Every structure is written in C-alpha cells, then in structure tokens.
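Can you make the complete structure from the sequences, with help from the hints?
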Amino acid sequence: MKRQLLSGPYLIWMGLFTVIPLVIVLYYAFTDSLTGSFTLKNIASLGTYLPIFLRSVWLSLLSALICLVVGYPVAWTIAQAKPGHQRFFYLLVMLPMCISFLLRTLAWVSLLEDTGIINRLLGSIGIGPLKLMRNNGAVILGMVYNYLPYMIMPLYTVIMKIDPRLIEAAQDLGCDSAQVFRKVTLPLSLPGIVSGLTMVFVPAVSTFYISQKLGGTGSTLIGDVIESQFKAAYNPNLGAALSLALMVLVLICVAVMNRFTGDDESVATL
Amino acid sequence: MNRSVRILSSVLLLACLLLALAVPGSAAKEQVTINVYNWGQYISDGTDGYIDVNAEFEKETGIKVNYITYDSNETMYTKLKTGGSSYDVIVPSDYMVARLISEDMLLPLNYDNIPNAQYIMPAYRGMAHDPKDAYSVPYTWGCTGIIYNTKYVDEADVGSWDLLWNEKYSGKILMFDNPRDAFGVAELRLGYDVNTTNEQELRTCADLLKQQKPLVQNYFMDQMYSALEHEEAWIGVYYAGDFIQMQWENEALAFCFPEEGFNLFVDALCIPKSCQNKDAAEAYINFLCRPDICGQNMDYLGYSVPIQGATDYMDPEMAANPVAYPDDATLARGYAFLNLPAETSQKMDSLWLEVKTGGSGSRVLIFGVIGVVLVIVILALVLISRKKKLKKRRAMYQNK
Chain F
1 MKRQLLSGPY LIWMGLFTVI PLVIVLYYAF TDSLTGSFTL KNIASLGTYL PIFLRSVWLS
61 LLSALICLVV GYPVAWTIAQ AKPGHQRFFY LLVMLPMCIS FLLRTLAWVS LLEDTGIINR
121 LLGSIGIGPL KLMRNNGAVI LGMVYNYLPY MIMPLYTVIM KIDPRLIEAA QDLGCDSAQV
181 FRKVTLPLSL PGIVSGLTMV FVPAVSTFYI SQKLGGTGST LIGDVIESQF KAAYNPNLGA
241 ALSLALMVLV LICVAVMNRF TGDDESVATL
Chain W
1 MNRSVRILSS VLLLACLLLA LAVPGSAAKE QVTINVYNWG QYISDGTDGY IDVNAEFEKE
61 TGIKVNYITY DSNETMYTKL KTGGSSYDVI VPSDYMVARL ISEDMLLPLN YDNIPNAQYI
121 MPAYRGMAHD PKDAYSVPYT WGCTGIIYNT KYVDEADVGS WDLLWNEKYS GKILMFDNPR
181 DAFGVAELRL GYDVNTTNEQ ELRTCADLLK QQKPLVQNYF MDQMYSALEH EEAWIGVYYA
241 GDFIQMQWEN EALAFCFPEE GFNLFVDALC IPKSCQNKDA AEAYINFLCR PDICGQNMDY
301 LGYSVPIQGA TDYMDPEMAA NPVAYPDDAT LARGYAFLNL PAETSQKMDS LWLEVKTGGS
361 GSRVLIFGVI GVVLVIVILA LVLISRKKKL KKRRAMYQNK
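Heads up: the protein sequence lines correspond to chains F and W, in order. Sequential numbering of the first sequence, starting at 1, is according to my numbering. Sequential numbering of the second sequence, starting at 1, is according to my numbering.
Check before you lean on any hint, since a few could be wrong.
[Stated by the list, open to error] No more than 16 Å apart at the CA atoms, straight line, and that leaves these computed lysine to aspartate or glutamate pairs for EDC-like:
1) LYS79/W <-> ASP32/F
2) LYS231/F <-> ASP71/W
3) LYS168/W <-> ASP157/W
FYI, nobody ran anything at the bench for these hints, they're computed from the structure. These numbers were taken from a predicted model, which means no experiment stands behind them.
Spelled out as structure tokens, the structure:
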C-alpha cells in the first residue's frame, strides 16, 4: 500500500502530461481543421505520406544498426577496463551530451558544407568540393552521432554485469574466443542490444532537426512534416493524425524488437 | 543524515517553485511591458553603431519591450491562432493583414495615440489590404527579387525567374520557405495572376516547384543571409532590403528585379486581439512612425520608407539606393499579394506540403524499404516460433 502511494506523484504527472495530451491528439486527429466536426479525412490522407514514413523508418533503423556495430565494441572495451578507468571512459561517452544537440548538429553543417572546413582542407590539396551533406547519408551520420551514447549506455550496463565465471566456464569447456562471444557474451547482452536499439530508433524516427540541417530537399522525414503542420501550416489536425500514426508505428517496432528478448530464460537458450 | 538531505532538498525545491512564481509577478507591477512580435532581422538593434530602436523607445517612454521574432507570416499566424501567448504589436505583410482583418483577429487603432501617422505618404494610405486604414500602419515596403553572386553566376543567365530553374547552378539555389512567396515566384514565371484562385493554375505552379526541387539546395528564410554571404549558395530569392544588408557583408552579391514581375509588399504594424496594453502598443507604433526614428531604422534595415521626411535622417547613399527605391518603370512590374479565400489558402498549403515532401524520392528506395521491413518481420516471426518450440520441448522434458 505504502509503495503504491510513493508512485503517486509520478502517476499524477503522467496523467497530466502524457495521458491528457494523448487524448487531445486523438481528438484533433479525428476532427476537421476548418469546421471542427468529426472526420476521417486526416487519417485517410495518411497514405500519401507512406513514402516519408518508410524513409524515416529506414533511415533510423539503419542508424540504430550502425550505432550497434559501432557501439558494441566500445561498450565491451569499457566494461573490460579497470573500475577506475571505466568511470572515466563512461564520462567520455556522455560528455558530448552536455552540449545542446542543436549546436552539435550545426557544427556538423559547418564541417560538411561545400564551403565547410573539410571541403576547404580538401580544396587546399586540390580535391573537391565533395558533396558531403544534403543527402540521406549525412542524415544517418547525424543520427548515429547524436544517438550513439544511448546505444553504449545500456550495452555497457548489461555487459558489465555478465558473470566472468560463465566466460571462464566456457573457456574451460573448450570454446575459443569467437565461440565464447557467440555462445555466451552475445546472448547475455541481448537485453542491452534490444534496449539500445529502441533508445536509438525511437528518437531517430521522429527527429526533424537533423534532417532539416544535414539532409537535402529530398530527405524530408515524418518529423519535418509534423513540425510544419504545427509551426507554419496551421493544420494541427493533420499533424495530430501523423503523430498518431507515428506512435502506432513506433509501438509496433518496439514490440517486434522486444520479441527478441522475451523472458531471460529463453534468451540463454536462444 | 538521509532524512536531513531529504528535508533540505524539498525545502530547496519549494524555494525554487516560489521564486519562479514570484519573479514575473513583482516585475509586472513595476513597469509596463509590451510584447513585440516581428520578423527576424527586421529592426535596427544597435549593430555597427546604428540606432537601437527598442532601447531608444524604452529610454523615452519607460515602457519595456519584450522583442520576439518569427520567420514567416504563416508562422506568426499559426502562433496567433493557437493562442497561449499574448502579443501587443505584430508586423504582418499586406495579404496577412487582410486575412487577420477578415478573421477578426485585429483591434482597430486609435489614431489619437498615433499622431505621427500624419507623416505616412499618401501612396501608402488606404491600400487594398486595409482600405480604411483602420487596423494597420505601414512599417516598410519593398520588393522580392533574385540575389546572385557575380563571382559564380554568368550575367547572361540573369534577368528572369528562369535563373532559379537553371540546371547549371544545381545545388546552389535557395528558395523561399513559405507557400505564398514560393507560389508567387512560380505564378510570376508562368505569367499567372499572383492572386489566382484557379486550382488548375495552382497545380501547375506546384508542378513547376516540384521540377525545381532537385536543383534547390535548401528552402530557407533568414538562414539565407549566412548561406549567401559565405557563398555556400550562389542564387537566392529574397527581399530587397535584406539584400542590402547582405551586400555589406559580401560585395560580390547583386540583385535583380526579374523581368516577368515581382512581389511588391507592404509590411504593416498591427495590434492583435490578444493585446494586453493597447496604449503602450500604440505608443510603440507612434514611435516607429516618427520620421527620425523611421529614417535611422531603415538606414540600417535597407527596406524602403513609407514615412514622409524620414529620408532626411538617412545616409543619402542609402536613400538613393536603386534596389530599395527602384524607378517607376521597374515598380510598374510589381504586383501586390491580396488575401486569398480560406479554401485557396488551404489548397496552397497542402500543395506546398506536397512539393516539399513528395516527389524526388526514388521508387527503388521505397520498394527496398518495404522488402527490408518484410524480411525483418519474417525473421522475427521465425525466431519467435523457434523460441516457442524450444520452450515446449523444455516443458516436455521437465514433465518427464
């Protein structure tokens, strides 16, 4: 009973700032922007934005996978270091997050643009200018750069907790290091991988700033469309319908990803 | 120990909350504050030794100015519509003034508080967007046109809106990031009326803009300044006054009034319904209409003055600048935007969204994505079923 009381403030907070706004989003998604009457028009028009939804999902999925490939060795290395060093490395990973993510993205713009630092350096040795930004690759770069710490954090926590005796046991039973990794370390770090993928994918799929700054005119993401509906087009109804669709999409993706972990027992046998 | 920390932290939290509640309350009692909601880069703010208009106003009247900016008429309109914030003075363009009037979002002005309105030039009185001058006082006027960099752009290509569709400069072209101005460019290039309500014509314009999209580096508003000044882009379409400021930073920039015609606009000072201090707002409008203030302000802004006698307070070179004050033959090619009916506006908004979001994405990518998603789902299903089988098998062993 007492424990339930303790979670009270959070429940009130969530009711006020999550549940009620969701109801408002629902209301807007099903009303007309001019008359305010009930309509399915907004939902019906979502089909037009399918390519943009797909592009957003595709780019953020790709970034999440790249984050995993880049982040796993980093997390593993940190987890293997001495405890004192671990804290320092962990701090290094977190350090970029102390600077506003808007500023860091803008910094990439001045690095990559045609008259940017990299192209000017290349120009001085006679190369270029190369088209480094305003394409999907630059958007993925921005996503990976911004969300990489979200991948490393959960991976590090999970890998650190793996019982070294399990690895020793595997070695004793004749596994080489690749087998140890495949049969012991990787399956045991699966929960970290899944939560890392989720934590990168969810913010990446709804981002709008990165694509506006680093993407070209053809790499509009669903976040950009939603932002434009609320900011300049004054069509919150369409914006709400798009947000709703995005939310459902994210929930489906997260549900699929969580399917990979399930309960801990079956993970070990997977 | 633990308990004292808890008590201390809750006291601190309480103190913070109280402070947050108390500060704005006490400040409001001391002096009047007006919220001025204006375009970005649209007032002389003391840069390079020019006048700081807001500071000057505060010094003279004791009224505090809370200055906030927007990047397009549409952004400002949306902010007003969604509410939640109150503004005392806004600066919409002509067509937006008319739209705000028609939607009953403005307060009529009390000219007793704006004696300096007598200096408004006759040409800028009783204009189409506000025939009785009941709601608006002109702040500036100007033209849109093409800004290009003479270092990279061949003079032979300059002269018409075609320059913005010239494939030679692909990836170096900047376009307006608001539907009205962007469609205006397309309409002028096609020879349509800039206030057309014909859906077929709007669709043709949208197609033209879609055709332009692969060549466009970015859809920008005030970000054009930096991109054109440091030569990241070579061609842009923007307002004449802003060009004059850009040229101070980069002398290679030049301006062209396209031969097909261009938008001639008036930006006006208005008071929205959400105004809290109408007298103070009118005092601010009155201040901006004073010839000496207007002159010094426009001296920095580069936009054209609608106030008689203001040019006396300007740098003579600026007052004779042919970009800010084109000759009559050029001005004859200027067209004013009028308010469009709500359905046309909405049609234009949705077509604009189509231009910005649809299009150049390749079909291959879409099918590729669908394929990948399908593979992932199938993989997930296979894994799940395998896991279930494993579980079942294990359950069987345990039962035995």
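Outcome of the hint check:
no.: 1; hint: LYS79/W <-> ASP32/F; result: violated, 19 Å
no.: 2; hint: LYS231/F <-> ASP71/W; result: holds, 11 Å
no.: 3; hint: LYS168/W <-> ASP157/W; result: holds, 10 Å
Of the hints listed earlier, the one the structure fails to meet is number 1.
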